[in-house]
Amino acid sequence: MTTERALRTVDMHINVGPQHPATHGVFRMVLEVDGERVAGCTPYIGYLHRGFEKLAENEEWQEVIIHLDRTDYISQFNNELCYAMGMERLLGVEPPERAEYARVILAELNRIVSHMMFYGAFGADVGALTPFLYAFRERERLQRLFEAVSGARLMHFYFRAGGLKEDLPEGFADELRRMLPAVQHGIDECDRLLTQNEVFLSRTVGVGKLAASEAIAYGCSGPVLRASGVREDVRRSDPYSLYPTLDFDVPVGKNGDCFDRYWVRLAEMRESVRIVQQCLDRLPEGPIRTPVPRYPHFRVEPGEIYVHTENPRGDYGLYLVSKGGVQPYRVKLRSPCFCNLMALGPMLRDSYLADAVVILGSLDIVLGEVDR
Amino acid sequence: MLGVLKGLVTTWKTHWRAPVTVQYPDERLPLQPRYMGFPGLMWDAEHDEPFCTGCQVCMRYCPTGCMFVEMKDNPKFATGESKRRKIVADFTINLSRCISCSICVEVCNFEAIEMTHHHERAGYYPDQVAGLPTLFQMSADHRAGVGQKPGHETRNLL
Amino acid sequence: MADLDEQSQPTPSEPAPPARPVPARAPAGPPPGERTPVKPTAQALADHLALAWPDVEHHARFNFGDIELTMPAGQLLAAVERCRNDPALAFDYLMCVSGVDYETSIEVVYHLYSYQHHHHLTLKVTLADCDRPTLDSVTAIWPAADWHEREAAEMLGITFLGHPDPRPLLLDDDVDEHPLRRSHQLVAVYADRPGIVEEPDDD
Ligand code: SF4
Ligand code: SF4
Chain X
255 MTTERALRTV DMHINVGPQH PATHGVFRMV LEVDGERVAG CTPYIGYLHR
305 GFEKLAENEE WQEVIIHLDR TDYISQFNNE LCYAMGMERL LGVEPPERAE
355 YARVILAELN RIVSHMMFYG AFGADVGALT PFLYAFRERE RLQRLFEAVS
405 GARLMHFYFR AGGLKEDLPE GFADELRRML PAVQHGIDEC DRLLTQNEVF
455 LSRTVGVGKL AASEAIAYGC SGPVLRASGV REDVRRSDPY SLYPTLDFDV
505 PVGKNGDCFD RYWVRLAEMR ESVRIVQQCL DRLPEGPIRT PVPRYPHFRV
555 EPGEIYVHTE NPRGDYGLYL VSKGGVQPYR VKLRSPCFCN LMALGPMLRD
605 SYLADAVVIL GSLDIVLGEV DR
Chain E
-7 MLGVLKGLVT TWKTHWRAPV TVQYPDERLP LQPRYMGFPG LMWDAEHDEP
43 FCTGCQVCMR YCPTGCMFVE MKDNPKFATG ESKRRKIVAD FTINLSRCIS
93 CSICVEVCNF EAIEMTHHHE RAGYYPDQVA GLPTLFQMSA DHRAGVGQKP
143 GHETRNLL
Chain G
15 MADLDEQSQP TPSEPAPPAR PVPARAPAGP PPGERTPVKP TAQALADHLA
65 LAWPDVEHHA RFNFGDIELT MPAGQLLAAV ERCRNDPALA FDYLMCVSGV
115 DYETSIEVVY HLYSYQHHHH LTLKVTLADC DRPTLDSVTA IWPAADWHER
165 EAAEMLGITF LGHPDPRPLL LDDDVDEHPL RRSHQLVAVY ADRPGIVEEP
215 DDD
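Residue numbers (this note's numbering), protein chains in the order written: chain X, 255 to 626; chain E, -7 to 150; chain G, 15 to 217.
Hints are not guaranteed to be accurate.
No more than 27 Å apart at the CA atoms, straight line, and that leaves these computed lysine-lysine pairs for DSS-like [stated by the list, open to error]:
id : chain 1 : residue 1 : chain 2 : residue 2
1  : E       : Lys78     : E       : Lys64
2  : G       : Lys53     : X       : Lys508
3  : G       : Lys138    : G       : Lys53
4  : X       : Lys308    : G       : Lys138
5  : E       : Lys64     : E       : Lys75
6  : E       : Lys78     : E       : Lys68
7  : X       : Lys308    : X       : Lys577
8  : G       : Lys138    : X       : Lys577
9  : X       : Lys463    : X       : Lys508
Since the hints were made in silico from the structure, they are not lab data.
Note that the coordinates shown come from a computational prediction; the quantities given were computed from them, not determined experimentally.
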């Protein structure tokens, strides 16, 4: 009689967010908990919905880039690259070689910056605040370089159809060459700081496992998918820009747990440094823009294209429909975070409530991109 | 035990390094030459009038709709002092809404507007509207501070 | 006048006239998508589809090197099931579901990829009924379609039959417009909603 009373459990609903530091933005999830275990999760998104797709239909082709900067606001160069490539393919123009190299360099540096952001925030999620400061110190170096290149720290608006807005600043290559060892050293330092930490390991190893089949079924991409052991990278599987000519590895994890997702990103930063090194060695002189018509005459021939690039968060796709006007007819953004977030429910099931924050953090979502 | 020692060594090393943090309102990081703050209007010293003709192209292209431009006949055109038939009569930018995107600079056909290094606009009121004199001043201050024309190559790109 | 026009015509180096009317411009040659060389994987896929899908009504073309199939809405489930289960196709990754409003019809576009064979496929379904567009949901085959379909449902007003959770995703529950329809005006609609500040007057 008494035992029966003691064992009776009540399902509780816990509301996390939308304004909670652990949700990395305005994300809300309602967790159904059974004791300490999470039995179910209902995510609510849309708090940051700015109607990017509708705005894009009402802007000129090139102007849309400023809105793309604001979708995934941690990897702006990658977003711009994707859109610029889409426009170029629709127009049938090719950017000059120097522009290609500059784009790849900036996109890869942006990947480092973005993963550094993840590193800091993930450290904070598992309860270690120091990594956050280290990550931001490393990030700042590159942010200042971006500022010198594009004039803005975050919303760069630097890639255009047919090339770049303006040439790389004078001495950019030398500056970056000087900086790369420091960046590499910074990554190593971050690695030493967290990867071997026992508390960190016990919080992440075996937590939030996602099987490869599940990751594929939910359309996960990027580090989340690779951590589950699928060697898949858009830079390799559907190569674009200069990536076929570059030598780099695609790191994959084994278990698909939070630690693997962390480790894959750390390894990707090192690969990015390698890519930047190679591009710097080959960076040619020359023009940075293939001439395309200016704004009242900038029209794209009717057609449609799906372009995708490997962003720090995964497979960033844009479906562009042109009807020949000065504005895009339809821009659909396939956001990697949006798709990765779909897998949150299965990942959270049967985990501890305290691990929910770690699991969410390991997805590295950017709400600006989820909600668009 | 070993871990604690390692940590102490790191602390000891870091202790002697120059600080990374900048105490913001007292110290400031230098801005890069290309830095894009808010837009300002340039002054044509040769003719003693603004470059801007008030053509409203920037106003139409501004994605946030924060600009307002009016055009008038240029009195100096009648006297033959200037080649500009029209000149700006009124120009306001709501700096609280401006997102420093530089679209206005890139669409301007007269190279009349530039991105200045002004970026600090914290205030108590939501709408901080800069009129013509402020916009000229911003550009002039910027020129005095930088001594060069930043982002000059970026003109007329979009 | 006519003489002048003829004289100015044949000079080949003359720059294109600046103001071109938008719809009247005849595309030079095939559309840009068909100028791109066809990928070998896409060619193999096209050959397979021609053999394996005689009973599914579809229209195929190449777009930017990849194959694109257009089919009526009734055929979708059968086609999608084969895409997933035919070992020669094995499309296990649903990249994107996009809805496009063409004013006279609504199109739903599925972008597929296969991790096994590394090939891409675009499936297109045209819905003629713009007032009540209805389509079968593919969530049973690809769980990844879940949120994409919810988004298309609220943004374009498409009803996905058999969707397990048809709540709105990004918008408020009480929004009854479909923002991504072409007929939806950008600013006007939201002006009278509480809590949304009106556009300030310019002067
Ligand atoms: S700044 Fe340039 S685009 Fe804007 S009104 Fe003046 S001349 Fe025209
Ligand atoms: S910088 Fe951008 S937002 Fe600001 S006034 Fe110019 S166009 Fe408008």
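(request) Identify every previously stated hint that the structure contradicts and give their numbers, smallest first. (result) Violated hint (a single one): 2; every other hint is consistent with the structure.
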